[in-house]
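Just so you know, the sequences run in chain order A and B. Numbering-wise, the numbering used here puts 295 at position 295 of the first sequence, and it's gapless, one number per residue. Numbering-wise, the numbering used here puts 94 at position 94 of the second sequence, and it's gapless, one number per residue.
It should be emphasised that the hints constitute simulated quantities derived from the structure, not laboratory data. Just so you know, these numbers come straight off a predicted model, no measurement behind them. Fair warning: there could be bad hints in the mix.
To be verified - Just so you have them, the derived chain B footprint on chain A, three or more residues with Cβ under 8 Å: (1) 36-42; (2) 235-243; (3) 270-279; (4) 324-335; (5) 431-445; (6) 503-510.
Note that the Cβ used here is the ideal one computed from N, Cα and C, for glycine as well.
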Amino acid sequence: MNIPVLKFDAVIVGAGGAGLRSAIQLSEAGLKTAVLSKVFPTRSHTVAAQGGVAASLGNSEEDHWRWHMYDTVKGSDWLGDQDAIEFMCKKAVEVVVELEHYGMPFDRTDNGKIYQRPFGGHMSNFGEKPVRRSCAAADRTGHAMLHAMYQRNVKANTQFFVEWMALDLIRDSEGHVVGVTAMEMETGQVVIFHTRATIFATGGAGRIFHSSTNAFINTGDGLGMAARAGIPLEDMEFWQFHPTGVAGAGVLITEGVRGEGGILRNNSKERFMERYAPNAKDLASRDVVSRAMATEIKEGRGCGPNKDYVLLDITHLDPATIMKRLPGIREISIQFAGVDPIKEPIPVVPTCHYQMGGIPTNYAGRVIVPDNGSFDNVVPGFYAAGECACASVHGANRLGTNSLLDLLVFGKSAGDSAVEDLKNGKAHRDLPANAADYSLSRVAAIDSRKGGSSVAEARLAIQRTMQDHAGVFRFNDMLKKGAAQILEVEKQVLNLEIKDKSQVWNTARMEALETENLIEVAKATMISAEARKESRGAHVRDDAPDTPEFPNGRNDKEWLKHTIWHRDGNKIEYKPVNLNPLTVETVALKTRSY
Amino acid sequence: MTKRTVQFSIYRYDPDKDERPYMQDISVELDSTDRKLLDALTKLKALDDGISYRRSCREGVCGSDAMNINGKNGLACLTDIDSLKQPIVLRPLPGLPVIRDLIVDMTQFFKQYHSIKPYLINNDPAPERERLQSPEDREELNGLYECILCACCSTSCPSFWWNPDKFVGPAGLLAAYRFLADTRDQATNERLDNLEDPYRLFRCHTIMNCVDVCPKGLNPTKAIGKIKEMMVKRAI
Chain A
1 MNIPVLKFDA
11 VIVGAGGAGL
21 RSAIQLSEAG
31 LKTAVLSKVF
41 PTRSHTVAAQ
51 GGVAASLGNS
61 EEDHWRWHMY
71 DTVKGSDWLG
81 DQDAIEFMCK
91 KAVEVVVELE
101 HYGMPFDRTD
111 NGKIYQRPFG
121 GHMSNFGEKP
131 VRRSCAAADR
141 TGHAMLHAMY
151 QRNVKANTQF
161 FVEWMALDLI
171 RDSEGHVVGV
181 TAMEMETGQV
191 VIFHTRATIF
201 ATGGAGRIFH
211 SSTNAFINTG
221 DGLGMAARAG
231 IPLEDMEFWQ
241 FHPTGVAGAG
251 VLITEGVRGE
261 GGILRNNSKE
271 RFMERYAPNA
281 KDLASRDVVS
291 RAMATEIKEG
301 RGCGPNKDYV
311 LLDITHLDPA
321 TIMKRLPGIR
331 EISIQFAGVD
341 PIKEPIPVVP
351 TCHYQMGGIP
361 TNYAGRVIVP
371 DNGSFDNVVP
381 GFYAAGECAC
391 ASVHGANRLG
401 TNSLLDLLVF
411 GKSAGDSAVE
421 DLKNGKAHRD
431 LPANAADYSL
441 SRVAAIDSRK
451 GGSSVAEARL
461 AIQRTMQDHA
471 GVFRFNDMLK
481 KGAAQILEVE
491 KQVLNLEIKD
501 KSQVWNTARM
511 EALETENLIE
521 VAKATMISAE
531 ARKESRGAHV
541 RDDAPDTPEF
551 PNGRNDKEWL
561 KHTIWHRDGN
571 KIEYKPVNLN
581 PLTVETVALK
591 TRSY
Chain B
1 MTKRTVQFSI
11 YRYDPDKDER
21 PYMQDISVEL
31 DSTDRKLLDA
41 LTKLKALDDG
51 ISYRRSCREG
61 VCGSDAMNIN
71 GKNGLACLTD
81 IDSLKQPIVL
91 RPLPGLPVIR
101 DLIVDMTQFF
111 KQYHSIKPYL
121 INNDPAPERE
131 RLQSPEDREE
141 LNGLYECILC
151 ACCSTSCPSF
161 WWNPDKFVGP
171 AGLLAAYRFL
181 ADTRDQATNE
191 RLDNLEDPYR
201 LFRCHTIMNC
211 VDVCPKGLNP
221 TKAIGKIKEM
231 MVKRAI
């Protein structure tokens, strides 16, 4: 088939925070760049981030990037790579200040500086007491940030391909990435983007779980594309369950609510976090708070007729503070929980929120894969940043506000690396023969299949399997069952049938293609989780309990290592954690408590 | 809320197979947990996967699922199903070309947004740290920066229907004032020049449909009034 080929220096797949931040680097360097996005850029899921972005500006009290680094390593349960964590925490001030210069409407302190609030796990002086580190625009930080970065790209004349869905990564016989195939949603036309640099900024895949704070579009498209092209995925067993999703609806209630003084209560109105985290209390790390909530519910201290949620209480706060600092939360509570938080507490449950793992990269945003005994082999022409990537700064558990920081720092560094490589690099490498055939055959199969499973059924099967087998608490037998079951669900996903045959804005076909990406992420998660026989961060299993030998169930002797999942044969291998920062001494291993 | 069956009448048009648009009558059984119109659309799509609409965040911040609901523009994800008279009539946003079903071509809408230079202009060398802004000056941006570009306002505005190529429309003008009101922005004159035209700004006849439909409770008419005030002040 004769497929149109569009030639660019670089293509960025995804126009959320990481993609837009990369695009600024490439556009301002004058490179011919295409940014592809399934949705208009400001509809990307960064828009839903609420509470803030971490940076040790020290605007309200003393702070230091080394304290931020310590908190991030501890938050990661020591699974984060300390070179990448140092890089991120050190760069935080610079990228947040840049954002302010782009026009981001941060809230302000009385002396006109960026307003900062406390957030879970962010402490002063190496874990002493909560510190105001989260830079915020009310409780709409992601929205303000995404719009500011889109606007900066308008200024920089970035070329967007809006409502285009990337289908597959194109690699040549030597493994170099030479572009992607993509479909224009309005026409159904498949096109090849032939490039010298390809940056994935496709976001997370929170839709693998049934109960999720994530948008419909968060289907792990970049991870699916990478996996199908032979790129392994790192640490996929680690998923963050955000403590406060609205019970039933799943919509996010920011941790900033607790940062502003909100308190979690059980059915006897007890502030139960005092028992689980005597020092940080409600501002302990997210995995710790989610487990505490799940334990309260499991032990019969939940609220409501079914005792299946706890309450987030801000009724003691001044209504003026709520209106000024948390106006969006009030809207969400009224809309999705039917309660006005000024008068009544909000019913909340731990809800799937963030994918700590992803496409393995170094801190320069270059994708790295194992080969010949080394784990640091760069895939030429391929970069990744943001939630789809694993640098790895979040390790086994991400701190709140570090995701917006991650997408700024690594969006920028991936962009810078691409600029550097393009300036030093040569001409476009040849496209392999029939570079679009794989994508075309996938699309044709979906279009023509009869008697298969519907997208709605298959997607629900994925989400149910993940929810039931890989939740906040994980059990050996359930993990085993789940790993077997997801391979059965895969057969269903490889046999999808759609009724809609139109070439024009065929959302049924798009959802089928998304489901083929979701299943790759679900398999990677289930199989990696089954294999890791310890508890660490967000991955907690019953057969790795808290003992004096293994505090919190963490086993550093055997499991201080990253999981690397290969799609081919569902093979797992492990790579060492980098405990060596760039310039400072190692944050030494320690039992984690808050 | 309980299990219930809800009747819909939905605008359908697939240029690949339909000669002309038609209204499809369809009903769907909803669970007690289905509160919002978008929940119902998800169920409808499981019945008929051809029903086409945009959606993403399902919490009213991304602006994807704007549509005309029983004659009024709104977001499906923020609209309570049980507040609507049945059959619930769903049409694409008025005034923009329909691509398919509830999906409109938003090119003209974004063209107008881009025309007001929606980015901060400040030509001073960037300081090492943040530019300072007092909390009071920052407060001026409240009610402006929260826009989600859903187009509910502009596509409910008769002036925009008649002159979508010449009148910036409420969303674009709200954004224009967002930068005019920002103490960090230095392009006030340039921005006012850009709007001083019989159509771009002055086609607003304060009909206020925009205010009535904005799902974020914003007030573009007020922002437009402020721009007009700035023009007057500049003239004297």
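Hints, one by one, checked against the model:
1. 36-42: As far as the region 36-42 of chain A goes, the hint holds, because 3 residues have Cβ atoms under 8 Å from chain B.
2. 235-243: n = 0 at 8 Å, threshold three: violated.
3. 270-279: Since three or more residues must qualify, the claim that chain B covers the region 270-279 of chain A is violated, with 0 doing so at under 8 Å.
4. 324-335: Coverage by chain B holds for the region 324-335 of chain A (4 residues, Cβ < 8 Å).
5. 431-445: violated (count 0)
6. 503-510: Holds, because 6 residues of the region 503-510 of chain A bring their Cβ atoms closer than 8 Å to Cβ atoms of chain B.
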